[in-house]
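Could you slot chain B onto chain A? The hints should help.
Here is how the chains run, residue by residue.
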Amino acid sequence: MSNLPVFPILIPLCTAVILMFLKDKIAVQRFISALSAILNIGVCLILVNRIDQNGIQTLNMGGWMPPYGIVFVADMFAALLVLTASIVSFAILLYSFRSIGVERERTYYYTFFHFLLVGVYGSFLTGDIFNLFVFFEVMLISSYALISLGGTKLQLRETVKYLLINIVSSTLFVAAVAYLYAAVGTLNMAHLSLRVAELGQGGVLNVIAMMFLIVFSLKSGLLLFFWLPGSYAAPPSAVRALFGALLTKVGLYAIFRTFTLIFYHDPGLTHTWIAWMAAATMILGGIGAVAYNDIARILNYNVIISVGFVAFGLAAATGDSLDGAVFYLMHDMLAKGLMFILGGIIISIAGTDRLKDMGGLIKRYPFIGWMFFTLALALVGIPPLSGFAGKVLLIRGGLDAGMLTMSLIGLASSLLVLYSLMKVFRLAFWGDEKEQVKREPIKLKGVTVSVVGLLVLIILMGFGSEWVYSYVSQAGDVLANPTLYIEAVMKE
Amino acid sequence: MELMMSLAVGVLFAIGVYLILSKTLLRIILGTSLLTHGVHLLLLTMAGLKTGAAPILDGQTEAYVDPLPQALILTSIVISFGVTAFFFVLAYRAYKTLGTDDIDSIEGDEQ
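Heads up: the sequence lines are chains A and B, in that order. Note that our numbering numbers the first sequence so that position 153 is 153, with each residue one more than the last. Note that our numbering numbers the second sequence so that position 98 is 98, with each residue one more than the last.
This is chain A alone, in the form it adopts within the complex (with noise of 0.2 Å):
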């Protein structure tokens, strides 16, 4: 037992409520915001480094042992999403300093960004479903907020949308943790996962089973992802990264969570479910990916498409496949959060969303053009990078597992990724330089801090890729393994 596991929930819940009372004072908001970003850096830092070597870190809430209180458990994992998680949400604070403008920040941006960070560690420490489903809705309020602040006719159009399938699917969740409770008695992850052996994943179970993974999927993208670009494209480019970056995540991580720990005995129903969710999310995002003509949307089918790969580890459950789909996933936020910034960027140097209306962004701008397509290699996962690593182990595993075609699909979309980032960055950056509807004057320089920040850490983590797996496979050893979890929370 150690109180590790949760500073890094209560460090961006203070500061959320600090700002509150700093309203009109947005200098110290700036301040208090970075300063509370790099505390959770050295935070998650010293709590992997613990994990490293003492094992699974839980902390039980009030001192009630495990099935009976609530439980914070960090393993690997969630600790290395939370890591990646509060690096990414850094470089975008420092993004949005520049690009969220006075009138958003005066109207509690900070609060809500800070909130949402609550939200999203929260779902990655927690140990008990419906506790899950508390830091769902928190990290959901402050992404309503987050996309309808402005109040722009297509902000507002989007929040309405957004809303409603967010509570359909809420409504869902606790309807699962419902007949869960009615059918095993209890909500401790790692409790559930020793009631679900005991009887027998079937029947029921598999039917409660597979409404968490609609209820996950509408949450993640997976295949039901028709909310998705709409919803994404509606606020600004610093919202849009750290929604695309850590959102669709954390229901990856439910995902992962359930199906690893608690309903991984009839993989023959579930993960061929999640395997054929994974193909069909992959090939429909890349094919919007390949049709849409202007960037938002180009780079919210970005985000569809990856996370029908990360599943498609799950799916394929072996050792590598997972190590996998845990390394992706951390190459992912970095590189996400880094294209939507870009993204943000070319848009508001171009003046618009539009390809058609852009072009020789190059000549004015070529430290961005060239950045952005080093980010483009890494996204595809040419050797150097970090997107390498993953992918080789993801595919590694995928033909593991016999699943030639999903291999296959796999790769082919890593081509529709290429293509259309390329599209973006032929038609924007080369050609000739159109007439500019209205250039707004940017400061550059602020961003270019977290900027060259992300890709630094994406190259770094592409040349380190023995030294980071050594961490992500102690977190593929958990996932693989449960009893590692459920003894680490039920010793005590």
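These are calculated hints, taken from the structure and not from any lab test. In this text, a Cβ means the ideal position worked out from N, Cα and C, and glycines have one as well. Keep in mind that a hint or two might mislead.
Claimed, not checked - Here are the simulated SDA-like pairs of lysine to any residue, each with C-alpha atoms no more than 20 Å apart in a straight line:
{"#": "1", "chain 1": "A", "residue 1": "Lys161", "chain 2": "B", "residue 2": "Lys50"}
{"#": "2", "chain 1": "A", "residue 1": "Lys445", "chain 2": "A", "residue 2": "Gly369"}
{"#": "3", "chain 1": "A", "residue 1": "Lys161", "chain 2": "B", "residue 2": "Ile106"}
{"#": "4", "chain 1": "A", "residue 1": "Lys161", "chain 2": "B", "residue 2": "Arg93"}
{"#": "5", "chain 1": "B", "residue 1": "Lys96", "chain 2": "A", "residue 2": "Leu149"}
{"#": "6", "chain 1": "B", "residue 1": "Lys50", "chain 2": "A", "residue 2": "Ala183"}
{"#": "7", "chain 1": "A", "residue 1": "Lys356", "chain 2": "A", "residue 2": "Gly369"}
{"#": "8", "chain 1": "B", "residue 1": "Lys96", "chain 2": "A", "residue 2": "Ala183"}
{"#": "9", "chain 1": "A", "residue 1": "Lys161", "chain 2": "B", "residue 2": "Tyr18"}
{"#": "10", "chain 1": "A", "residue 1": "Lys153", "chain 2": "B", "residue 2": "Thr100"}
{"#": "11", "chain 1": "A", "residue 1": "Lys153", "chain 2": "B", "residue 2": "Thr97"}
{"#": "12", "chain 1": "B", "residue 1": "Lys50", "chain 2": "A", "residue 2": "Gly360"}
{"#": "13", "chain 1": "B", "residue 1": "Lys50", "chain 2": "A", "residue 2": "Val184"}
{"#": "14", "chain 1": "B", "residue 1": "Lys96", "chain 2": "A", "residue 2": "Gly360"}
{"#": "15", "chain 1": "B", "residue 1": "Lys96", "chain 2": "A", "residue 2": "Gly150"}
{"#": "16", "chain 1": "A", "residue 1": "Lys363", "chain 2": "B", "residue 2": "Phe86"}
{"#": "17", "chain 1": "A", "residue 1": "Lys153", "chain 2": "B", "residue 2": "Leu98"}
{"#": "18", "chain 1": "A", "residue 1": "Lys445", "chain 2": "A", "residue 2": "Lys356"}
{"#": "19", "chain 1": "B", "residue 1": "Lys23", "chain 2": "A", "residue 2": "Val168"}
{"#": "20", "chain 1": "A", "residue 1": "Lys153", "chain 2": "B", "residue 2": "Asp104"}
{"#": "21", "chain 1": "A", "residue 1": "Lys161", "chain 2": "B", "residue 2": "Leu34"}
{"#": "22", "chain 1": "A", "residue 1": "Lys153", "chain 2": "B", "residue 2": "Val89"}
{"#": "23", "chain 1": "B", "residue 1": "Lys23", "chain 2": "B", "residue 2": "Val89"}
{"#": "24", "chain 1": "A", "residue 1": "Lys161", "chain 2": "B", "residue 2": "Leu26"}
{"#": "25", "chain 1": "A", "residue 1": "Lys153", "chain 2": "B", "residue 2": "Leu34"}
{"#": "26", "chain 1": "A", "residue 1": "Lys434", "chain 2": "A", "residue 2": "Ala488"}
What the hints assert, rightly or not - Negatives, chain A to chain B, calculated, CB over 12 Å:
{"#": "27", "residue": "Asn3"}
{"#": "28", "residue": "Phe133"}
{"#": "29", "residue": "Ile141"}
{"#": "30", "residue": "Lys153"}
{"#": "31", "residue": "Val160"}
{"#": "32", "residue": "Pro384"}
{"#": "33", "residue": "Asp400"}
{"#": "34", "residue": "Leu427"}
{"#": "35", "residue": "Gly462"}
What the hints assert, rightly or not - Across the chosen pairs, the derived CB separations fall in these ranges:
{"#": "36", "chain 1": "B", "residue 1": "Thr75", "chain 2": "A", "residue 2": "Trp276", "range": "30 to 36 Å"}
{"#": "37", "chain 1": "A", "residue 1": "Trp64", "chain 2": "B", "residue 2": "Val17", "range": "33 to 39 Å"}
{"#": "38", "chain 1": "A", "residue 1": "Met61", "chain 2": "B", "residue 2": "Thr51", "range": "24 to 30 Å"}
{"#": "39", "chain 1": "B", "residue 1": "Thr84", "chain 2": "A", "residue 2": "Asn3", "range": "55 to 61 Å"}
Below, chain B without anything else, positioned relative to chain A:
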């Protein structure tokens, strides 16, 4: 008792879904509200009704009602209250800005 509750849950779900499928924003919000109430009843029913006395943990009570679902429902009610309040405010703002509360005409303009 369980049968009655199950029927109530079913009716609430049916009305909720019907209202969500309608065109005006106000009905949709009421629909989501009914839906979440249906789910709360479901949670209560699923945990078992009338299984004994109040949950007093003095060590001797043999049969007592499970207190956990009530805690869960309380949490869930608070959340749905917040979300519904947000939805109402959003709908009001959308009505002010877009000039309509009809979902179809909100969909229409591309801007």
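(request) Enumerate the violated hints, using their earlier numbering and listing them in ascending order. (result) Checked against the structure, the hints that fail are numbers 1, 8, 12, 14, 16, 18, 25, 26, 28, 29, 30, 31, 39, while the rest are satisfied.
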